[in-house]
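Q: Spelled out, the chains give:
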Amino acid sequence: MGFLDRLAQMLGLKKKDAKVLVVGLDNSGKSTILNHLKPEEAKTDIVATVGFKQEVFQTKTLQFTAFDMSGQGRYRSLWEHYYKECNGIIFVIDSSDKLRMVVAKDELDTLLQHPDIKDKRTPILFFANKMDLRDALSSVKCSQLLGLDMVKDRAWHICASNAISGEGLAEGIDWLTEQLQSMLKGK
Amino acid sequence: MTSQSTTSKDSIDATRDDGKWLSAFYDPVASLYTFSQCITLSDINADGDNKLIIADLGTGSYQMKLKVYKGTNLVSENTLIDLPTGVATFYMDQNEPRTPAVAVASGPYMYVYKNLRPYFKFTLPSLEINPLEQDVWNQVRDERIDVGVLREMLEGMRAEGTSLTVRSLRFIQLQAEDLEAFANQYKHTPLKKQTVITSLGTMKKSLAEEDAISCLVLGTESKQVYILDPEAFTVLSTMNLPSVPVFLNVSGLYDVEFRIIVACRNGNIYMLKRGTKNARSCIELNSQPVGLERMGKNIVVGCMDETLQCYTTKGKKLWTIKLPASITSMENVDHKSKGFKAVMVALSNCEVHIYKDKYLVNIIKTEDIVTGMKFGRFGREDASLIMTTKGGGLIVKILKRTAVFEEKDATAGPPVSQNIKLNVPKKTKLFVDQTMREREHCVSMHRMFQHDLYRLRLDAARSYVKALETSMNPVSTNTTEPLKLSAQVQGIGPTFKLTVNLQNTSISTASFNLLITFQFDDRLYNIHKTYIPVPMLVPGLSYAFETFVDCLSDKGISDTIKVFVLRQGRSVPIITAMISMPVSETMVVV
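Residue numbers (the UniProt record's numbering), protein chains in the order written: chain A, 1 to 187; chain B, 1 to 590.
Note that these hints are calculated values from the structure, not bench results. For each residue, glycine too, the CB sits at the ideal point set by N, CA and C. Treat the hints with care, since some could be wrong.
Stated by the list, open to error - Lysine-lysine pairs mimicking PhoX-like chemistry, simulated, CA-CA at most 20 Å apart:
{"#": "1", "chain 1": "B", "residue 1": "20", "chain 2": "B", "residue 2": "70"}
{"#": "2", "chain 1": "B", "residue 1": "205", "chain 2": "B", "residue 2": "277"}
{"#": "3", "chain 1": "A", "residue 1": "98", "chain 2": "B", "residue 2": "400"}
{"#": "4", "chain 1": "A", "residue 1": "105", "chain 2": "B", "residue 2": "400"}
{"#": "5", "chain 1": "B", "residue 1": "316", "chain 2": "B", "residue 2": "205"}
{"#": "6", "chain 1": "A", "residue 1": "105", "chain 2": "B", "residue 2": "65"}
{"#": "7", "chain 1": "B", "residue 1": "277", "chain 2": "A", "residue 2": "98"}
What the hints assert, rightly or not - Non-contacting residues of chain B with respect to chain A, defined by C-beta distances greater than 12 Å in every case (computed):
{"#": "8", "residue": "123"}
{"#": "9", "residue": "381"}
{"#": "10", "residue": "383"}
{"#": "11", "residue": "463"}
Using the sequences and the accompanying hints, generate a full structural model.
A: Right, dumping it as C-alpha cells:
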C-alpha cells in the first residue's frame with residue numbers, strides 16, 4: 001500500500017478492501033443478492049453465472065470485492081481456488097428448496113473441512129434466501145437443517161432475505177462488515 | 001466368459017453405502033403404490049425444474065391417480081379410470097415453450113395430458129372378430145336361435161381354441177337364469193374386441209436431441225408392438241411378436257434406424273428393427289425376466305431365479321451374477337456429466353445394488369423393500385434417485401458431487417474360506433504312549449481282538465435265534481406276516497393309557513384274523529381290555545389300539561407288560577413288544 005493510499009485511508013477517504021466469496025447451490029440467488037448490493041447504475045439482468053464473476057460494492061466503511069461463484073454442480077469445484085484469498089464467505093441458501101438442503105449441507109461441510117478454511121477463522125454469513133416464497137423455511141429451520149449449531153470455531157450469522165426486494169440484505173451485510181473490520185484491524 | 005461371483009462378507013463391507021448418497025427426503029407414509037414403469041421425471045412446465053410424475057396404482061381397484069411432485073410437494077393429482085401400466089413423457093410438437101406431454105397407458109387407452117390437463121385419448125385399434133362368433137350373435141339378434149344354442153355354440157368355439165370377445169367369454173360364465181337378460185341387453189350393440197397395453201416406451205422421431213419430437217411405442221396383450229405418430233396419433237407401424245411383451249427397451253431414431261428389445265412373457269427376448277414385421281428371436285432365458293436394461297451394446301436382464309445376466313445384442317451370454325435376494329425392480333443409471341453408466345437392482349432384502357458391468361460398486365440400504373426406482377434429474381439436481389417402497393413410502397436420494405465408484409471387482413483375491421483354519425484335533429502324550437504299546441504288542445493285540453470278535457458273533461447269533469424262537473422282537477421277519485409293532489404308555493398313573501401301533505409293512509397283501517393280547521402280573525396291574533381283535537390291516541397304514549392300565553399297588557413297584565400279536569387259532573405269537581411300565585404316582589385322596 002502506497003503512502004498516498006495510507007494517507008487517504010487515515011483521512012477516511014479511501015475505504016479498506018475486503019474480499020468475500022459468495023457461494024451456494026445453483027438457483028439460490030447469489031447473483032441477485034450481489035446485484036442488489038451494487039450501486040443503482042451498475043445493476044444488470046440476472047442470468048445463470050458461468051464459472052464466476054467478480055463484483056465490487058461498498059458499505060459505509062468497507063469496500064467489498066465479491067467473487068460470485070457459479071453454483072452449478074460442474075462448477076462447484078472452482079470454489080476452493082478462492083478459499084485462500086477470501087476474508088469472508090457469504091453462503092446463500094434457497095430456503096424454499098427443501099429437497100436440496102442436504103446438498104447444501106454437504107457442500108458447506110466440504111467447505112468447512114477444506115484446509116484453507118478450517119484453520120482460518122473466516123466469518124460466514126448465511127442468507128436464507130427466497131423468504132417471500134410460500135413454502136420457504138424459516139431461517140431457524142434452515143440453520144437446523146444445515147447443522148449450523150455444530151459450527152463453533154468461527155463467527156457465523158444467518159438471516160432471512162429476499163434478494164428481489166432487498167429485504168434482510170442490509171442486516172446481513174452490516175454484520176459481515178463489523179466482523180471483517182475487527183478482523184482487518186486485528187491484522 | 002461366464003463368472004459366478006459370490007458376495008462374501010468382506011466384499012460387501014467394501015461397497016457399503018459409505019456416504020456416496022445424501023438422504024434428501026424420506027416419507028414412509030406417502031402412500032405411493034407403484035412400479036418403475038409408472039415413474040418418470042420430466043420438465044413438464046419448461047421451467048428447468050424437473051417434476052416427478054407417478055402413476056399411482058392405489059389399491060389396485062380404486063384410487064388410481066396420476067400424481068405430480070415438485071420437490072417434495074404434491075402439486076397435482078389426476079384421477080385415472082383404470083389401472084395404469086406405464087407413464088412416459090414426450091415432446092409432441094415444436095411449440096415454444098417446450099412443454100412435454102405426459103402419456104399414461106391404461107387398459108386399451110392411452111391418455112395424453114398437456115400442462116397436466118387431459119388432452120387426448122388414444123384407443124388401440126380393435127382386433128378382428130371371428131366371423132362365426134359374429135354370425136352367432138347376429139342370429140340371436142334376429143331371434144333365429146335362443147340363448148341356450150348360443151351358449152352351446154360359443155362353448156364349442158372356445159373348445160376348438162378360437163379366441164373370443166370379452167362379451168362372449170362373460171356370457172359363457174353366466175348362470176343359466178341370467179343368460180336371457182344378458183343377451184337381450186347387449187345383442188344390439190356391435191361386437192368389439194379390444195386389446196390391452198402391457199408396456200410403454202418412447203422413441204425420438206428424426207432428431208436425437210433432448211427435446212426432439214418422440215413417438216410412443218406400445219406393446220399390447222395381442223402380441224403386437226405399435227409405434228404411434230406423436231402429432232396425429234396414427235399408427236406408424238405395427239410389428240408382431242410370438243408372445244406378450246412385458247418390457248420394452250427402445251433405442252435409435254424412427255426415421256433413421258431403431259432397435260426395440262422386447263422381453264416377453266414366455267421368457268424370451270426378441271429384437272425388432274426398422275422395416276421388419278416380425279421379431280427376430282434373440283435370447284432364450286432359463287427363467288422369467290423381471291427387468292430389462294440396455295448398457296451400450298449389451299443387454300442386462302434380471303431374472304426370477306435371482307440372477308443378473310448380460311448378453312450381447314447378438315444373443316451371446318457374457319456373464320451371470322447370483323444375487324443374494326430376489327429382484328423387485330431394475331433401473332438404468334446414466335450419469336452423463338460423470339460418464340458413469342450402471343444398472344441398479346432393487347432386492348427383496350431391502351437393499352439396492354449398483355452394478356457397473358459385472359462389478360458390484362455400491363449398496364444402498366433402505367428401510368423397506370423398494371418396488372419402483374428412477375434415476376435422473378429431479379428438481380435441479382442431476383443425479384437423484386427416486387424410490388418407492390412396498391409400504392407406499394417415497395425415498396429421494398442424491399448422489400454426492402464428490403462420490404466416485406471404484407470399478408473393480410469387489411470379490412477379487414483369494415476366497416475368504418482359504419483363511420479359515422481347519423479344526424484338526426491335537427494329539428496328547430496319552431495318544432503317543434498308546435501307539436508305542438501298539439507297536440510292541442501288535443501280535444497279541446490282534447489275536448485277542450479276533451478271539452473276542454468270534455465270541456461276540458456267537459453270542460449275537462444265539463440271542464437272535466432265541467428271540468426268533470420266542471417271537472420276542474417287535475418287527476416280524478416272517479415273509480408271510482410282515483408286521484411292525486410299537487407300543488407306548490401315557491399318563492402318570494395310577495391309570496395309564498397304553499397305545500399299541502400296528503402296521504402292515506407288506507406292499508400289497510392285507511392281514512386278517514389277528515388279535516392283540518397282553519401278559520402282565522395281575523397283582524400289580526389291571527388291564528381293561530386284555531383281548532383286542534384286530535380288523536383287516538391295509539398295507540402301509542398304521543393302526544392304533546388303546547387300552548387303560550390300572551396300577552393296583554401303592555408301593556411304588558413297576559413291572560413290564562408284554563404285548564403279543566397272534567393269529568387266531570395259533571398259540572405262538574407273531575410279534576411281541578415289551579413295555580416297562582413307569583412307577584405309578586400314588587392316588588391322591590382329596
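Q: Hint by hint, note whether the structure agrees.
A: To see whether the hints hold, each was checked on the structure:
This hinted pair does not check out: residue 20(B) and residue 70(B) have alpha carbons roughly 24 Å apart, beyond 20 Å. Proximity of residue 205(B) to residue 277(B) is assessed by CA-CA distance (about 19 Å); at most 20 Å being required, the pair is judged to hold. A C-alpha spacing of about 16 Å is found between residue 98(A) and residue 400(B), which places the hinted pair at or below 20 Å, so the restraint holds. At roughly 11 Å between alpha-carbon atoms, residue 105(A) and residue 400(B) fall within 20 Å of each other, so this suggested pair holds.
Taken as a hint, the residue 316(B) and residue 205(B) pair is broken in the structure, with Cα atoms around 30 Å apart against an allowance of 20 Å. The straight-line distance between the Cα atoms of residue 105(A) and residue 65(B) is roughly 34 Å, outside the 20 Å bound, and the hint therefore fails. Annotation: proposed proximity of residue 277(B) to residue 98(A) is violated, straight-line Cα distance about 50 Å (limit 20 Å). No beta-carbon of chain A comes within 12 Å of the beta-carbon of residue 123(B); the shortest separation is about 38 Å.
Consistency note on residue 381(B): stated as away from chain A, yet its beta-carbon is not over 12 Å from all of that chain's, at 6 Å minimum. For residue 383(B), the non-interface assignment is contradicted: its Cβ lies about 8 Å from the closest Cβ of chain A, within the 12 Å cut-off. Every C-beta of chain A lies more than 12 Å from that of residue 463(B), the closest at about 82 Å, which supports listing it as non-interface.
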